[in-house]
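**Q** So the protein sequences, as listed, match chains A and B. Anchor point for the first sequence: position 401 equals 929 in the numbering used here, and the numbering is continuous, going up by one each time. Anchor point for the second sequence: position 217 equals 745 in the numbering used here, and the numbering is continuous, going up by one each time.
It is possible that some hints are incorrect.
When chains are identical, the list treats them as one kind, so a pair holds in a single copy or across two.
With a straight-line cut-off of 20 angstroms between C-alpha atoms, the simulated EDC-like cross-links for lysine to aspartate or glutamate are [what the hints assert, rightly or not]:
1) Lys741 to Asp720
2) Lys654 to Asp933
3) Lys859 to Glu735
4) Lys663 to Asp824
5) Lys721 to Glu760
6) Lys741 to Asp765
7) Lys721 to Glu743
Rather than coming from a laboratory, the hints here were simulated on the basis of the structure.
Number of protein chains: 2
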Amino acid sequence: MLTYSFENRGNLSLYEYLYKQIKEDIISTKLRSGDKLPSKRAFAKHLNISTITVENAYAQLMAEGYIYSVAKSGYYVSDITPSKNTYNGRELQRSYACEHNGVKYKADFVSNATANENFPFSIWAKIMRETLSDKADKLMINSPSVGVAELRNAIADYLFQFRGMNVDPERIIIGAGTEYLYGLIIQLLGFDKKYAVEDPGYRKISEIYKANKVECVHLPLDKNGIDISQLEKSDADILHISPSHHFPTGIVTPVSRRYELLSWAAESDGRYIIEDDYDSEFRLSGKPIPPLQSIDVSGKVIYINTFSKSLTSTIRISYMVLPEGLMKLYKENLSFYSCTVSTFEQYALAGFISKGYFEKHINRMRNFYRSQRDVIMSCIKKQPDFKKVKIREEHSGLHFILSVDTDVSDKELIARAARKGINISCLSQYYQKPAKSSDHSIIINYSAIDSENIEEAIKNLFDCFR
Amino acid sequence: MLTYSFENRGNLSLYEYLYKQIKEDIISTKLRSGDKLPSKRAFAKHLNISTITVENAYAQLMAEGYIYSVAKSGYYVSDITPSKNTYNGRELQRSYACEHNGVKYKADFVSNATANENFPFSIWAKIMRETLSDKADKLMINSPSVGVAELRNAIADYLFQFRGMNVDPERIIIGAGTEYLYGLIIQLLGFDKKYAVEDPGYRKISEIYKANKVECVHLPLDKNGIDISQLEKSDADILHISPSHHFPTGIVTPVSRRYELLSWAAESDGRYIIEDDYDSEFRLSGKPIPPLQSIDVSGKVIYINTFSKSLTSTIRISYMVLPEGLMKLYKENLSFYSCTVSTFEQYALAGFISKGYFEKHINRMRNFYRSQRDVIMSCIKKQPDFKKVKIREEHSGLHFILSVDTDVSDKELIARAARKGINISCLSQYYQKPAKSSDHSIIINYSAIDSENIEEAIKNLFDCFR
Chain A
529 MLTYSFENRG NLSLYEYLYK QIKEDIISTK LRSGDKLPSK RAFAKHLNIS TITVENAYAQ
589 LMAEGYIYSV AKSGYYVSDI TPSKNTYNGR ELQRSYACEH NGVKYKADFV SNATANENFP
649 FSIWAKIMRE TLSDKADKLM INSPSVGVAE LRNAIADYLF QFRGMNVDPE RIIIGAGTEY
709 LYGLIIQLLG FDKKYAVEDP GYRKISEIYK ANKVECVHLP LDKNGIDISQ LEKSDADILH
769 ISPSHHFPTG IVTPVSRRYE LLSWAAESDG RYIIEDDYDS EFRLSGKPIP PLQSIDVSGK
829 VIYINTFSKS LTSTIRISYM VLPEGLMKLY KENLSFYSCT VSTFEQYALA GFISKGYFEK
889 HINRMRNFYR SQRDVIMSCI KKQPDFKKVK IREEHSGLHF ILSVDTDVSD KELIARAARK
949 GINISCLSQY YQKPAKSSDH SIIINYSAID SENIEEAIKN LFDCFR
Chain B
529 MLTYSFENRG NLSLYEYLYK QIKEDIISTK LRSGDKLPSK RAFAKHLNIS TITVENAYAQ
589 LMAEGYIYSV AKSGYYVSDI TPSKNTYNGR ELQRSYACEH NGVKYKADFV SNATANENFP
649 FSIWAKIMRE TLSDKADKLM INSPSVGVAE LRNAIADYLF QFRGMNVDPE RIIIGAGTEY
709 LYGLIIQLLG FDKKYAVEDP GYRKISEIYK ANKVECVHLP LDKNGIDISQ LEKSDADILH
769 ISPSHHFPTG IVTPVSRRYE LLSWAAESDG RYIIEDDYDS EFRLSGKPIP PLQSIDVSGK
829 VIYINTFSKS LTSTIRISYM VLPEGLMKLY KENLSFYSCT VSTFEQYALA GFISKGYFEK
889 HINRMRNFYR SQRDVIMSCI KKQPDFKKVK IREEHSGLHF ILSVDTDVSD KELIARAARK
949 GINISCLSQY YQKPAKSSDH SIIINYSAID SENIEEAIKN LFDCFR
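Please model the entire structure based on the sequences and the hints provided.
**A** Shown next, in the form of structure tokens:
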């Protein structure tokens with residue numbers, strides 16, 4: 529049986545160390561594709577550790593795609609070598625617009641606003657006060673185009689500690705929201721490039737490309753994310769994806785596919801990948817998956833993330849990490865732009881992160897979202913019609929998918945829910961390319977739901993299925 | 529002699545009322561081009577008001593181009609009917625880059641940063657605290673794409689009271705800096721349009737058009753601003769100007785030319801004028817000139833202004849006022865964008881304006897800048913070589929032009945000043961089109977100068993001319 533010594537694990541927890549050792553053996557092909565791993569119980573006994581520890585390590589390896597499980601058989605090593613053979617994509621559905629803006633809902637499963645009561649006001653106010661009194665001089669000095677050094681340093685430290693990313697603060701650019709940064713990226717990479725986005729996907733991304741009059745193609749997904757054969761065929765230059773947690777499907781792109789994507793990008797000079805890591809902080813089980821950026825050795829990945837999602841959507845601070853070559857290009861061509869975030873909020877956020885409040889906030893929010901999800905799940909399971917639904921991708925991020933066995937059309941489902949004061953959206957709405965399917969999948973975004981309303985909302989929602 | 533009754537002047541001051549009456553008579557052609565106005569003293573005696581009152585009214589009419597003065601003769605009514613005959617533009621000079629970034633200067637006449645000690649920290653901090661405690665709920669609600677209503681209302685009120693503009697708050701869009709708004713305007717008006725900017729001009733504007741890969745032409749100025757014949761020839765769709773106070777020349781576009789510009793825009797559907805009113809708050813004499821926006825009846829003017837200039841450059845809040853048709857287009861095509869300013873700063877600024885602090889701040893700053901200017905002027909006048917220089921456009925904004933009679937090249941002037949720890953820029957640097965001229969004009973931007981350093985800086989600067 530596989531044997532690992534835990535003597536040199538340093539600061540790592542048992543589970544992290546075990547996960548790392550197995551991962552290294554898979555990457556070095558000491559463990560090969562198809563090899564069966566020991567059962568959790570036997571492995572634990574053999575290594576003299578708890579079954580939970582093995583379970584956590586396996587869960588992390590599964591989430592990252594290094595291993596897979598076969599029901600009633602066990603865990604096997606995945607094929608992580610890049611391949612051109614990809615699953616051919618699901619059938620696509622016709623999209624239609626959600627027309628319920630401006631209405632007050634009892635329960636809003638569409639909004640990505642963050643829950644009011646969770647923002648640490650008193651701490652933010654304290655930090656703001658401290659910033660105003662301690663940094664009076666600094667606050668009046670114009671921010672460099674890329675953002676103030678204190679914030680970029682704090683972000684680099686955070687990315688290192690919590691995301692395992694080794695990022696030079698000199699490669700970070702701060703901006704007022706990811707939407708603004710997308711615009712900068714277009715100016716940086718070129719209006720003459722062809723941009724590819726995920727279909728289904730976060731609608732705003734393609735809207736931004738459209739508003740900037742650049743060519744934008746929509747690529748289908750298979751169960752592991754972007755379909756490489758379609759990507760090759762598309763002739764795209766730039767690929768814009770969220771591999772750590774795709775919206776709305778929740779797909780996590782496994783490591784093998786990540787290498788394929790990087791390999792695609794490395795094939796040609798003008799190719800780049802925009803990696804949108806928008807809610808990686810809120811993975812509810814296991815450690816977050818290492819981003820593409822951290823395994824990119826060819827300088828092909830633009831990593832982008834936002835505090836508007838992790839802190840509050842009403843604070844507009846996002847950042848991107850550019851590869852060296854693009855940072856040079858930015859400095860030459862675009863550094864005349866003023867930073868779009870005020871120095872006040874930049875220094876406040878820097879203090880908030882470096883004093884450990886951000887980490888605490890993320891941990892608290894993760895617990896909050898986990899309990900939100902659990903409440904919703906248990907409400908769903910209590911419904912008499914529970915057998916009509918399937919829950920998918922509930923382990924990561926702030927939403928999951930509720931697939932419903934019903935004859936009611938998606939459009940009618942949305943309308944019925946709206947009449948009951950519930951705002952929902954369906955997976956079919958996020959597709960660009962029309963397609964037929966009898967699948968009805970509702971996206972349950974629970975970040976902004978008042979927990980008191982959950983029970984009633986779920987009951988009312990189920991009434992819509994009949 | 530002209531006679532006006534002051535009985536129905538309402539809340540207006542005597543000077544404002546007199547100014548308005550004369551202006552109306554000029555617009556209605558009761559007073560015609562070339563008509564001589566009464567002398568100040570005689571007019572004051574006739575109307576039974578003080579000479580100062582008449583003087584102020586005349587100064588305002590002069591600044592707005594309704595009247596002009598002839599030395600030793602008196603005041604005459606201008607020709608305010610649009611005409612195609614325009615002064616043919618000055619000779620242009622070769623531009624070269626200013627290479628002194630990153631250096632600490634004893635006196636920086638280039639930086640447009642605002643003076644540290646003048647930002648009302650304690651009030652801003654107080655408002656921030658109040659905002660955090662009083663508006664906790666509102667702060668967590670996502671801002672509409674155009675910005676929160678409270679701030680748009682506060683801006684509309686301000687524009688009405690202090691700029692005489694009647695603006696519907698529903699036509700205001702808030703954004704993180706004018707540079708960001710320029711980008712939005714391009715997306716709104718089209719990447720296929722031809723944009724015209726002023727030459728010389730604020731360099732960043734053409735850099736933004738260049739970065740967005742839209743066609744951008746540079747139009748020469750005559751003494752009244754954009755040369756209309758050149759504008760007609762250029763085949764431009766969009767004209768981007770700062771008519772209230774042009775940077776760097778300081779030219780104030782008079783009313784007659786304003787009507788010509790509006791007439792140009794009205795000639796064709798696709799034409800618009802972007803009116804950049806960036807420092808209108810800081811006019812040091814008379815009331816600020818009414819913006820193009822307020823005399824535009826064809827929905828052709830996009831008015832744009834910023835708090836980054838009037839409050840502090842480190843707070844990134846700007847706004848634009850769109851004509852109705854464009855606002856409709858924005859709502860249809862671009863309202864998916866999140867507002868780029870955090871709700872915290874939007875509500876704080878709304879409170880700051882509506883509680884009257886902004887007005888107080890502007891008044892205080894205007895006094896501060898006036899005294900800065902006066903100190904610099906008196907220092908200049910004390911120099912033994914005073915006769916070598918001419919001061920131009922010192923009445924408006926935060927800078928003036930110092931024309932120097934010297935054989936030293938502009939490049940050498942800048943280098944000499946830099947060696948003495950003084951950062952200056954020359955008018956020639958702001959031209960896009962190379963041209964020859966023996967004129968040496970230094971732009972004296974005094975917004976960020978420490979008043980203690982002025983005397984020494986001016987002395988050292990004059991040493992560079994020899």
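**Q** All hints, please: hold or fail.
**A** The hints, checked one at a time:
When the C-alpha separation of Lys741 and Asp720 is checked against a cutoff of 20 angstroms, the pair qualifies both within a copy, at 9 angstroms, and between copies, at 10 angstroms. Taking the shortest alpha-carbon separations for Lys654 and Asp933, neither the intra-copy value of 50 angstroms nor the inter-copy value of 56 angstroms comes in at or below 20 angstroms. For the homomeric pair Lys859 and Glu735, the shortest alpha-carbon distance between copies (13 angstroms) is at most 20 angstroms, but the shortest distance inside one copy (27 angstroms) is not. When the C-alpha separation of Lys663 and Asp824 is checked against a cutoff of 20 angstroms, the pair qualifies neither within a copy, at 37 angstroms, nor between copies, at 44 angstroms.
In this assembly of identical chains, Lys721 and Glu760 lie within 20 angstroms of each other by CA distance solely inside one copy; the values are 15 angstroms within and 34 angstroms between copies. Both within a single protomer and between protomers do Lys741 and Asp765 lie at most 20 angstroms apart by alpha-carbon distance, with minima of 15 angstroms and 18 angstroms respectively. Proximity of Lys721 to Glu743 under the C-alpha cut-off of 20 angstroms is found in both arrangements, the shortest distances being 7 angstroms within a copy and 18 angstroms between copies.
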